[in-house]
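Protein sequences appear in the order of chains Y and X.
The first sequence: position 62 = 62 (the numbering used here), numbered continuously.
The second sequence: position 33 = 33 (the numbering used here), numbered continuously.
Treat the hints with care, since some could be wrong.
To be verified - Calculated pairs, PhoX-like style, for lysine-lysine (alpha carbon to alpha carbon, straight line, at most 25 Å):
| # | chain 1 | residue 1 | chain 2 | residue 2 |
| --- | --- | --- | --- | --- |
| 1 | Y | Lys97 | X | Lys507 |
| 2 | Y | Lys38 | X | Lys632 |
| 3 | Y | Lys97 | X | Lys331 |
| 4 | Y | Lys167 | X | Lys507 |
Keep in mind the hints are simulated off the structure, nothing from the lab.
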Amino acid sequence: MANFRRFRPDDLNKLSKCNLDPFTETYELGFYLQYYAKWPSLFQVAEDQHGNIIGYIMGKLESSPEIYQFSEHYLPWHAHITAVTVAPEARRLGIGKLLTEQLEVAADANDAWFVDLFVRVSNHKAITFYKNMGYSVFRVVKDYYGEHSTDPNLSSEDAYDMRKPMKRDVKRQHVRDDGEKHEVDPSDVW
Amino acid sequence: MSSYRYGRPALKHSVDVQLQTAFSDGNWNTVIRLAAKRAATLKDPYYEAIKMCAEAQLDGTAEKCAALVAIDELVKNKKTPDIDTIELYEWACRDFFDYEVEYADTLGPLRARWAKANPGSPLAVQCVQACLEKWDLVSAQQIATSLDKAYANTADRRYMFWNITLTYLLSISPQCTDASRKVYSLLAVRHLERAADLTENSAKLEATDRGLLTEEEVCLYYRVMHNHGTKEEYVSRLKSPKLGAISQLKEGRKVLFCEALDALETWGEWDLIYNLCREALTLGLEGGTSPFFVCDLQTWRKFVSAASKVADSESALGEVQAILKRYIDIKDTASAMYKKNLSLALLETTFRLPATVLNDSSENSGLLPRVVQIGLFLDQYFERLSAFDDVKGYVAELNFEEIKALMEDVLPKMLDEDANKGRKTVLNALVCRLRYLLSTCPQTLSPQPAAAEGEAQSKPFQCLFCSQPTDLPCEPCLKKLVVDASAAYTQITSDKELVDSIPRLDKDPRLDLALVMGNSLLKLSGLRPRTADASQSLWQSVEPGLFLQAVLLLDTQLNETPGDTELRLLLVQLYLLLGCASYAYRLWTPLDVKRTIQDSLSPLFFDRISTVSPGLFQGGRPLMEPLRTFYKNNLTDKAPVRIWDAFSAGSYTSILDMINHDSSLRRSCTLMMTLVEERRAIRCYGGKIDCEIEQHPLTENIEDGTTLVSKTDYGPFPNLESLHGPPIHEYLRLGPGLSNERSQLAFLSEQYLDLLLYKPPKDYKPAKQAEAALRDREYTLETLSRLSNSLTDFLHQPSTPSRLTPSETSYYSTISLLSAALLIALSTPRADPLPKTLSLLTTSIKSALTTLRTTFPSPTTPPSTNPTPIHSTTPPSLTSLPILSTIRTTALAIRHSAAFVLAAHDRELARDRSGRSGVHRDALAEMRALDAVAGKVLGEVRGWVLRLKEVLGEGGWLDWGLGVVFPEEEGDSVEGGNGEGVVGLGEVGRAVEEVVAGRAGAEEWVGKVVESWREGVKGWGMVKME
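Given these sequences and hints, build the entire structure.
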């Protein structure tokens, strides 16, 4: 039912199965193309037998700007998962996991220290998913999201910054066991 | 450097503070004065540049252009200014580059010269960027060549590959002549061949070597080879020990493998595909790659397909089975996705095996092997949302004996054996979907002789399931399916335990059942694809009651499952067909089709929308604004979005793909639809159109020879149809989908209307009126001649008739005839005899309008003796609004054309009192006659709209609607056959009633439909008829 391959710009015409799902954000064209232009190996898709995209992951490789080099929040060379989505009809087949693993392979190939991502603290399903894949909470970014996903009375929601160390981090120096206790402001996240 | 993109450039540090301050404050007059002084004193041309840059900020045209003149001088004199001067000039001229001035003729060459002289400067890289961002490939390539030479054999490999990539881009670019393209193609191939040879012959390649190292570099090589090399070279390199697809796979690089399979498939190289897949899959088993690295369904399909096509297919298929078996042996280590791919590969293999092999293997078991495999697959996966899509292609391939075994043995057995109520309902829903699928397969029917026992047979087939005489699809089977699906549906809704279990399932089985019922009812209603020959109103071409039952039932289901996008999209289309555009829009809006996905999905709502409901355009935010903004944001620059990022990152295949994507987007049928629909709606209400369509920045590169492309995404439709017939979306559209032919005709017609409706600015008073009049006349005749030829060409293309509705064909034909008629009318001197062609043309125009007019089912008042209630005469009109719209636009085009000729004549009379230069007397008479005919038709259109408004304002609509949906007098009589066990329409109606919560639910829904009709007609009431 699925093929895994690198994203191609024509896939943007076949995103409906993923992007008509209300939980998947649709970005500007330049946003997708920026990822494809800069980090093509970190933009992977799963397609069905008719060429419809039924899942994709977008990621990037970066480090914090040089000027923050001596800041405690400085991030060394790492991969970041910007978006991962699977169409409703293709769920429960491990596609999200496979896409994430492919990104991790690309991260290792590019000598990244770790892979990180942000997730709403209320998104227990996603948190469990990532924990099962070896990710752990590195820090809590207070009021990272502008609105709360489940409580309309709240005007913001915290994010977990979750990480998984890559092969380069032999000593696991870029992950921590008590990440839930480390709170930072959104302004500390670059 | 390149600060022009972000703001005012900084002046050199050596410039004095006074001038610096004036420049940064924008005190342009002071800057001009000070810079002139410094230039005179210091004799430094940089100060001249500052002066001109400041002058360009003033209002005077001469001052604005001074920098351009200076650039022109520099280019012509082959001088190389310093980079700061170039920066100043670029900023000064920044507004010119999008329109009047070509970067490639001005700053591009200056930057190229500077970079050639200073290749070691980091600013040279920024010169490439500047040229690329203005899409000046020639200058960018020259700079890249300089950089490549300067940095040869250094660790920064990008320059070499920028050079190669840009050389390749020039070899396929319209920026070069044919001869240059040939040279560039040879150059690109030679560069890459050399790099490939170096890679093959080096024991270990270093970053400083000029070979192919990264995956992007290797793939660039194959892409260029695919386009410019021979197949033999490509294939030979594909097998090579270092750069071959298999060796790349060993390094964890899959892109080449996928691309190579596609290339080989287009060449029909089945032996090579077979070998490549075999090697790649074996590699996974032997540890050369991670085990399931290439275990995509596509690999298996290509492997099986190739095996069935090679010379010794029997042994090749045996090899496929052997490899597949090895994978199945280790499938416990695979993820669910790959397990499923292996199951599908098994199905695929079984279906491609020759009948002899297949039968041999099943001799002992006595079972039908293809059915067994489908059964085994469904046994594992029937609960999955995609189960139906996974098997439907295979089920549709079965012969009737196999179908019978599947439907009467395998699936019932599965149903019996499953004790879980929830799973049973899911399986039952799947069975219903398969029954619907089979109703679209011709192998379930046998042909009947045209006459039997001396009597003519009304139906061409006999259904092998129910033995009834039938067409395709079998109506008795569909009716039974509706009743059975309804029973299954109500069984779920009446069982709380089942309803509670739904959230735990992959998909609500009620949704599947509703889709089966809805599709069956649509087919029973007689709905057929809205192709070019669908000339009747929807209401006249279907059985309205059954059609409305389908929509009602699906609408009811949407209330239960509002998050289901497939169902929502289906309903959007159905309401558009029904003429309920405002209701369709309310369903469309929550889909949140925005930003990037608009190009592929917007046609599903917006195509032809101005012809259904121009009123939708009357509101707060302009209806098409998001689409317009999307194209404006992404196509204003000549360069593809984010192209520099790809160069900068060394993503060479991304560059090629992004350029292709950009080219498609600039030629998008959706883009043309956006412009045309909006213009049509604006004209409906007498609004002002900002600019002529041909002058619109988004149509800049669209010519007759441009092929406009439709990328409409029909993926999200719930398609239960088999490949034996058209997909569901073809039944639901208002007419044929977007196409190059329709888009080009629309583009040309809009240009024609632009010509007719052009009004010169009020303050336009040419000094030499006679000369200006002559120029205008020449322009008009040239334009008419061009449009007439182009319209005729497109209309005469063999593919065109199938791309248009009948009324669209009439409209575009009329515009074509009008342009030819006007050309004759305006170009024939008064003293000459008027060519007879004009009269023939005007007769054809009148005849086209009259024919078009008769295709609209007018909402006339029935005579008092007619028992038909007034309500019944209205829906045919309401479901034919696109025809009404076309009659109006055609009649208006005729009137505008006549007015154009008459106005031209009046202008000539006013200019030349002798009357000798005016329009031919007979031509004027023809135009007046055309105007009169069109005026009369427009009067009729106005009357129809008024009548529709009047009738919709009357009472009794709910009763009428309910009567249509659920006719009380409906019996269960059955046509033909022995009638035993055959379901009648009354039973079908009752089955639908069960699902939609009875007549009360239906009544409320009818109210919504009628209200939407009223809203639509209200919009029509404000449309201008003059």
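Now the hints, each set against the structure:
no.: 1; hint: Y:Lys97 to X:Lys507; verdict: holds (21 Å)
no.: 2; hint: Y:Lys38 to X:Lys632; verdict: holds (23 Å)
no.: 3; hint: Y:Lys97 to X:Lys331; verdict: holds (17 Å)
no.: 4; hint: Y:Lys167 to X:Lys507; verdict: violated (40 Å)
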